[in-house]
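Protein chains in written order, with my numbering: chain A, 1 to 409; chain B, 1 to 158; chain C, 1 to 134.
Hints may be right or wrong, so weigh each one.
On the chain B side, residues computed to face chain A include the following (Cβ under 8 Å) [claimed, not checked]:
#: 1; residue: L61
#: 2; residue: A70
#: 3; residue: T75
Simulated from the structure, these hints should not be mistaken for laboratory data.
Given the structure is predicted, the values throughout are model-derived calculations rather than measurements.
Built from N, CA and C at the ideal position, the CB exists for glycine as well.
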Amino acid sequence: MKRLLGVALGVLTAIGGFVDIGDLVTNAVVGSRFGLSLVWVVATGVVGICVFANMSGRVAAASGRATFEVIRERLGPRAGLANLAASFLINLMTVTAELGGIALALQLASSVQYLLWVPVAVVAVWLVIWRVRFSIMENVTGLLGLTLIVFAVALFLLKPDWGSLGAQVLAPSIPEQETAASYWYYAVALFGAAMTPYEVFFFSSGAVEEGWSIKDLAQSRINVLVGFPLGGLLSVSIAACAAVVLLPAGIAVTSLSQVILPVAEAAGKVGLAFVLVGIVAATFGAALETTLSSGYTLAQFFGWSWGKFRRPAQAARFHLSMIICLLIGGAVLATGVDPVLVTEYSVVFSAIALPLTYLPILIVANDPQYMGEHVNGRPVNMVAMIYLVIILAASLAAIPLMIVTGAGS
Amino acid sequence: MAIGSRRSRAALCGAWLVCAGVAAILLSGCAGAPGSVPDTVSTAVKDSSSAVATARLALGLDADGKLTMAATATTLDDSLKELETARTTLLQLSPTVQNDRDLRREALAVLDEGTSGLTTARDAVASTDGSPTLQDGDRLLEAAAGRMSAFTAQLGGQ
Amino acid sequence: MKTARQPKYLRTPGRTLDAQLHLLDRQVLDVDGVPVTTVDDIEISAPPPETPIPAGTPAPTLTALLTGPVLGTRIFGGRPPSSRLIRIPWRDVADVGVVIRLGVRGEPLDADWVERWIRDKIIARIPGGRHDPR
């Protein structure tokens with residue numbers, strides 16, 4: 001019974017922790033402008049992240065080392081430094097976006113100005129990283145994030161035309177008021193939102209934090225293979241709500257307030273309460289994960305002592321770098337830049353950086369010196385190679401598409 | 001470690017590409033996508049009608065008791081910000097042809113109607129003495145939405 | 001975990017190490033398993049450059065592992081002055097494997113000075129800095 005509860009907790013946490021501000025905003029924008037014609041991208045992204053999260057967890061469990069530690073050893077300092085620079089900058093952008101998301105959601109809940117919530121968000125995220133145990137942090141934010149299921153509930157309450165929704169999913173076509181370039185631009189953005197790079201660093205470092213060994217791999221596999229696809233379904237329901245309510249009204253999503261309107265229409269103030277709790281929890285959890293990822297990547301590259309399992313005094317540089325990241329994120333938001341815009345850019349840049357992050361994992365997962373007998377099997381390698389091609393294509397197409405479409409406008 | 005150095009060279013090339021790409025984007029963002037005046041005007045009016053539609057949806061939900069005052073106020077503020085951004089884009093245009101100048105003048109008038117409808121709606125939501133009413137706000141917004149779609153149709157015909 | 005069978009050159013008596021493969025960029029852990037740094041470069045005792053080497057000179061020996069700004073010079077070129085190098089003397093190294101283990105505690109080492117400084121000046125000043133999370 002206890003084992004069953006443990007498994008359930010893991011899966012539920014994975015579902016609730018899947019959605020972050022990038023998923024929320026990108027799926028809502030896509031739903032309000034393209035209907036459900038881009039759902040196939042979400043499906044592709046979910047399969048991809050399942051494959052690579054599994055791999056990075058296996059690397060950590062089999063070798064006892066987290067991903068970034070091994071990148072430098074395996075690829076050399078130059079490649080490692082290039083990787084670090086790109087990943088760190090994009091991580092920083094994502095931290096900023098998540099902090100902005102927390103502040104926006106709190107503004108929706110309270111009507112207190114958004115800029116006043118930014119320092120609150122920064123301090124709250126820091127406090128949790130400073131003091132709260134890793135497992136408690138993961139479980140609480142994951143479980144609270146489950147309230148985002150209200151999007152799926154709202155979709156049912158809205159009584160949409162399932163036939164036409166299904167047709168949009170299975171026979172995707174570009175709506176007439178949008179161009180092919182913007183369709184593919186948002187395909188890349190959606191892909192980047194689903195296959196977030198920080199997830200891989202966080203997953204493998206988290207495995208080391210919680211002291212996983214080979215026998216914990218089965219649990220992690222269940223978490224990933226059941227939790228992430230259900231999380232993907234949650235993302236699709238966000239898009240579907242936007243498609244059912246906002247698309248016919250001619251509303252293109254540009255702010256977080258528009259994302260929640262379909263839920264309010266379907267489920268009133270109760271639904272509103274659930275969705276706001278869910279957004280705060282999901283963005284807060286993601287802010288924690290991205291900030292920790294920044295710390296992990298820096299510390300693992302330079303060989304610093306790291307980990308939440310250590311006293312902060314024993315991992316001084318690790319904690320200082322995270323404090324600086326949070327301060328930079330808060331400072332950027334304090335300039336008044338639109339956090340939704342930051343989010344939209346961060347997902348596209350994530351897509352651009354994906355090859356840098358995933359190729360090293362694939363290399364390490366095939367190295368018997370680290371993995372012993374747990375190297376990748378043939379089928380996993382085949383799928384991973386296919387994904388590498390997709391990732392490279394998305395990464396190369398992103399910048400030209402961004403220029404041609406003016407970042408999707 | 002020949003493989004490693006080959007890979008590291010490739011990765012370094014990749015990193016430089018990323019940096020070059022970032023620079024390209026920042027430059028293109030600053031320069032702004034070069035578009036004709038009618039294109040810019042049409043995009044601005046499209047964004048504004050989306051904002052007005054959002055405000056009407058929010059007002060409707062608020063009247064049905066489905067939104068809290070905080071959420072409605074925030075939504076209306078966001079819509080107003082969207083209109084302001086569209087307005088600024090129009091003001092930054094420098095049309096050289098009389099046709100384009102007329103187009104811009106008309107678009108600004110349409111946007112102003114939307115702005116006044118939004119401010120009335122915002123006052124209605126925040127008001128404690130019952131005036132203006134939500135219906136006042138919605139009426140103005142409906143008129144603005146009508147003018148915007150007529151304008152877009154006219155642009156599409158041109 | 002079953003380790004891979006060692007290649008032939010490693011099965012000869014004593015140990016043959018390749019600096020690039022086994023030493024450079026490896027994690028250094030102290031005797032308690034706490035990470036100290038990564039190996040950014042190594043220092044070898046050798047005659048100064050551009051001097052003729054007389055016959056019978058003993059072979060160069062590895063004197064220290066280096067860390068710190070040498071990473072920048074290793075990637076981009078150049079050399080910091082000898083007095084500025086942060087060294088971990090080779091005699092402190094206890095084992096070379098997937099990670100390099102020292103036989104001493106990391107705290108008093110030169111290589112740890114940044115960590116110590118940040119800890120004393122910043123982290124320890126924030127309440128809860130010494131709190132054990134377990």
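Verification of the supplied hints:
1. L61: L61 of chain B check passes; min Cβ-Cβ to chain A is 5 Å, inside 8 Å.
2. A70: Hint holds; A70 of chain B Cβ to chain A Cβ min 4 Å, cut 8 Å.
3. T75: This interface hint holds because 4 Å falls under the 8 Å limit.
In this structure, none of the earlier numbered hints is contradicted; all agree with it.
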